[in-house]
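Number of protein chains: 4
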Amino acid sequence: MYNSLGNILRLTTFGESHGVAIGGVLDGFPAGVVLDFDEVEKQLSRRKTGQSSLTTSRKEDDEVEFLSGIYEGKSTGHSIGFMVRNTNQKSEEYTHLEHVYRPSHADFTYQEKYGIRDVRGGGRASARETTNWVIAGALAKRLIPDIQISSFVSSVEHVDFHYDENSTDLSQIDSNHIRCPDADKAKEMIAAIEKAKMEGDSVGGIITCVVKNMPIGLGEPIFHKLEAELAKAMLTINACKGFEIGSGFDGTRMRGSEHNDSWQQDRTTKTNHSGGIQGGISNGMDLVFRLAFKPTSTIMQTQSTINDKNEVVELEGKGRHDPCVLPRAVPIVDALTAFVLTDMFLMSKIRTNF
Amino acid sequence: MYNSLGNILRLTTFGESHGVAIGGVLDGFPAGVVLDFDEVEKQLSRRKTGQSSLTTSRKEDDEVEFLSGIYEGKSTGHSIGFMVRNTNQKSEEYTHLEHVYRPSHADFTYQEKYGIRDVRGGGRASARETTNWVIAGALAKRLIPDIQISSFVSSVEHVDFHYDENSTDLSQIDSNHIRCPDADKAKEMIAAIEKAKMEGDSVGGIITCVVKNMPIGLGEPIFHKLEAELAKAMLTINACKGFEIGSGFDGTRMRGSEHNDSWQQDRTTKTNHSGGIQGGISNGMDLVFRLAFKPTSTIMQTQSTINDKNEVVELEGKGRHDPCVLPRAVPIVDALTAFVLTDMFLMSKIRTNF
Amino acid sequence: MYNSLGNILRLTTFGESHGVAIGGVLDGFPAGVVLDFDEVEKQLSRRKTGQSSLTTSRKEDDEVEFLSGIYEGKSTGHSIGFMVRNTNQKSEEYTHLEHVYRPSHADFTYQEKYGIRDVRGGGRASARETTNWVIAGALAKRLIPDIQISSFVSSVEHVDFHYDENSTDLSQIDSNHIRCPDADKAKEMIAAIEKAKMEGDSVGGIITCVVKNMPIGLGEPIFHKLEAELAKAMLTINACKGFEIGSGFDGTRMRGSEHNDSWQQDRTTKTNHSGGIQGGISNGMDLVFRLAFKPTSTIMQTQSTINDKNEVVELEGKGRHDPCVLPRAVPIVDALTAFVLTDMFLMSKIRTNF
Amino acid sequence: MYNSLGNILRLTTFGESHGVAIGGVLDGFPAGVVLDFDEVEKQLSRRKTGQSSLTTSRKEDDEVEFLSGIYEGKSTGHSIGFMVRNTNQKSEEYTHLEHVYRPSHADFTYQEKYGIRDVRGGGRASARETTNWVIAGALAKRLIPDIQISSFVSSVEHVDFHYDENSTDLSQIDSNHIRCPDADKAKEMIAAIEKAKMEGDSVGGIITCVVKNMPIGLGEPIFHKLEAELAKAMLTINACKGFEIGSGFDGTRMRGSEHNDSWQQDRTTKTNHSGGIQGGISNGMDLVFRLAFKPTSTIMQTQSTINDKNEVVELEGKGRHDPCVLPRAVPIVDALTAFVLTDMFLMSKIRTNF
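Chains as they are written, first to last, in this note's numbering: chain A, 1 to 354; chain B, 1 to 354; chain C, 1 to 354; chain D, 1 to 354.
If you are wondering where the hints come from, they were derived from the structure by calculation, not from laboratory data. Values in this document were obtained by computation on a predicted structure and should not be read as measured data. If a hint is listed, it holds; no wrong ones were tucked in.
Copies of the same chain look alike in the list, so a pair counts if it fits in one copy or across any two.
Taking lysine to any residue pairs in the SDA-like style, the calculated list, with each CA pair at most 20 Å apart, reads: (1) Lys212 with Glu112; (2) Lys318 with Ser262; (3) Lys349 with Glu112; (4) Lys349 with Pro30; (5) Lys270 with Asp308; (6) Lys318 with Ser53; (7) Lys349 with Val33; (8) Lys349 with Arg142; (9) Lys349 with Asn7; (10) Lys74 with Glu98; (11) Lys349 with Gly32; (12) Lys318 with His96; (13) Lys349 with Leu143; (14) Lys309 with Arg102; (15) Lys195 with Arg253; (16) Lys318 with Ser257; (17) Lys349 with Ala31; (18) Lys309 with Gly217; (19) Lys270 with Val313.
Produce the entire structure from the sequences given, and follow the hints as far as they go.
Have a look at this one:
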């Protein structure tokens, strides 16, 4: 329940940053599907650390081991177990944090909620968990091969890139380290990150996700609206503080006459302020949604905080961390989007008469 | 599953705008609780139509009938069934819509998904369903009596009101028709709505929700992060297109050194950019989140759209509708917030040793 | 959760014996299905009281009101709400039970668990709840029209009827009041009940359920084995104390060489000791399972028991009750079987590749 | 969903007999509990093969590896991942079964349902999965330390042992290979098994489970009745064909006046025909239930069956198998009982006022 995502397709995960392993069980996966392990590897390598100067130098060689549910390369219809052993952990790096609550981390809330916490690398709160999601998302994507999911960085600190349906070349996302489809903006973004890094600081930004070739009819009308399922999944990503779809917050400035998406003869809408969803159900237009990521909490500066005796202490910045999570968050957004859409796709299979 | 909200506390709803009744089953409610029916009535009357010139004149006398689970005014621990009969429906008002897909409504997606749809009043897509949520939220609130939930309108079209933790008087929310705690801003907002209404148009805006007196420890670390549960609930509200918590989208412009919330000796944080949640779990600070509402789809202007034969047709604006959903959405946000927090509160009861 | 049955098709119920109403929400029902309301009425009339001298004279005119999810006689894909108002309750009949715990009733356990209980007619523990199941089962049956479900009374106290696949005429089940397909055995059974009734006593017995025309592939291999889902559903029926499928308890006396069901060229098995299920999944042979029902707890004799002050008291037998629940349990078994099979049928729709 | 057991405490499993590993995720386990790994080892060793001449000589050295959710020997409140690598598999033993459907096995149903199946060792249908349940049950038991669960073999083929609440010494269960608390009966049972084995045949029997020191109040009144949850769990055990609680099938011969359990001044009942549950909720008396196990399907005799071309073929008996599953099923029944009771115990924590 608490560590499970999805309704028909269901991922249940486990694992701490510096424990034995992370992993999960992917359940509800239909039988007879040729699995795409290359896609899993590809997406994992997009998520992994040490790709560039923008990401932490902590090296994670994420080797997935599939444990069940697969026979001669095909899904058997049974639960797919998988795991990634943790290696290259340096637990001693965390001994100075045993009694200290880092600002804007989960240290305090975990300790208060559970009365116990694995201090090494943030334990269960570590973004290492997102590896599980990338694996599950890459497997799930195989069930909706025609749908094209493209996430990219559209903003870093004060540098903005505006997506344009007609001119943005989504094939260029991976052509630079920040994963922005515009080469010039990418350079500016990278410069902003490097400046912050040099100053021992971190930055946030925005990821935009565009989904093309959407089928009509995904999403359920009330408590499983497609946008609600997406919002829930996205807000589970570490550091994500906001979600908007279609016109989002800007749309609150518009009049209804301007905002309404008129239907055209070819069953497309003239505009797409709805972001591809109406009444909780996909209408066949592109999904377009945006996610706000706060700047990384771990910084290389001294900060004031308290310890578990409520004493104010100074916390020195050290360790290996990303000054900006955005480029590595892109494949995570892709994965969760794939997962949610596949789940809704499977659900849609049982909603009409046979 | 598809019409259920919540994990431990679970609401399952039914009903169409112009059907026999709407209602629900509230399950998982602990036994022996004196229920507060006045609170239910109060919240329903905040949601109902015809309160002012800002809302539709369609009159709904929402009379809740509780059907089970209550004995001598107390919960019995069994499922609480309730219903509200639909009255004052004018189904004939909708005959001209039988074959037409209104722009930015659920007409097209429902028809495509199900191959059948109740055209009267939007059927299941009607905001009438939110009545069920208000009832459930008001009942649930009784389980977390100390938590103070205050939603209010913080923006209408171009008129913004900025919430300030120290100066905003949350007791003034209901002192005006728009439900903004600032009297002057409220007047401006009302003027904006009336202008739009006069022009046969509609406007959107933003609702801010502030939750005070939060216990520490609500929310689950991975797929039931408190912000994820809230986002999911809020994105189920008709016309809601965005959710942000704490610093939200603005926070993407900040540096980590500025954004981090330093812990202080009294176990509060100096700033609250996190919006009261860290690692998915409440940290005892106020929850502060904001919701984007698009302008109402139904407008009193002629629009171009298609019918179910893919022919372009002109759709005349008529009927009784809200030019702005915000004031009536305020109690809905309150209710869903209460529901989610109660659900997480009950879940927290079983997370530590006994 | 606690008042819900089913995985894909989900029934959530509410209601107490002497409360306002009983009812439920049937969710996950596919769209576009012409519903069979006559079947609902027919099954309800099989379940109702006052059919013969074998059942309680308390008259229940169960009038179902469908509240949602239906448009022009077809399912819309939305949750189907329904309710049956309670009428003809005589609550005063129960005042003498307010502080007394009847032997083998739920009085004591409810009071201890919840600290509060609706004493009138057993409250939520009343078999009146089974009305909801009959309604849901009859609706669900429409989704698996080819499957033939036939429950019947195969034993009353010491009178046994042995089902024989070849000679038993299942069309005769409703030809007598006890619902045994054999007229002679039926007479003996009825005589046994009437004797017990005259003596102010009650009897139990066995219901056998035979399901013909089963598709291959219903049931999930581990925790949703078809027999496990059936057992769970059947053990929810009031007074049911046992479940066996195929060879059941008698099969424990057999050798493997005798018990194994050999496959034949036409893909049937020579014997059917498995009762139609292998590895948790239907194999196309008839399902055959049997349910033990204890004698009704309410008897017309004076019994010794305690009250809520732990004082021993004498409890007089009075009121209107069934001396034998079996004939009225038959449609309940039919309904739950239909519900479980439909749920598993829907689940099977998403288990293989598309 | 499909591979998950439990409501509040939730076990999700994976694994095939001859795949890489079996394992699971135990979720909803409260934080701060000192785990009892010795108990896990002890129960696993009771379940393992090669304990005596009664069980298969296939040697499984089940080494559990705990992967997460544990810190310094205590639960952290996060999901507990675990796995057992498969070793000592002889897949080549199964090549002759690739196209053949063994009688009373899952071969046919798996192939038909999924269109694909892992033929080696029965794949997911293997009783090897029960290892996962034993691990989870042993961990869960730690949360209900005072409850005493004692399963034992009460019948093998035609040899019956009758449990007597007063005279049966439950401490003797493990004193013999068949796990019957009566030494003489145990010898007879073992003789029956050895005779069948010598004849290349297999036998079935009955396991009785007695639970002492039960708290009052476990179980939910309608669809999560304690007996229904137990029945469901037990019917998931391979070869289990029947479940009865309290008086069970024999109780159908009794009169109500005889069957009713009279309450006594000390809040116990004079008799316990109810088997410790009334209205779905435990009443504090011992739980007593019985499970029917059919004789093992795999026998050392030649059998007639069909292959996947619907041709009749002769199937020779070979391989290493148990002539009787009962002694190894005892710890599985213990484990599932512990799991269900713990789940219901956690659920009961949120059912009354705070």
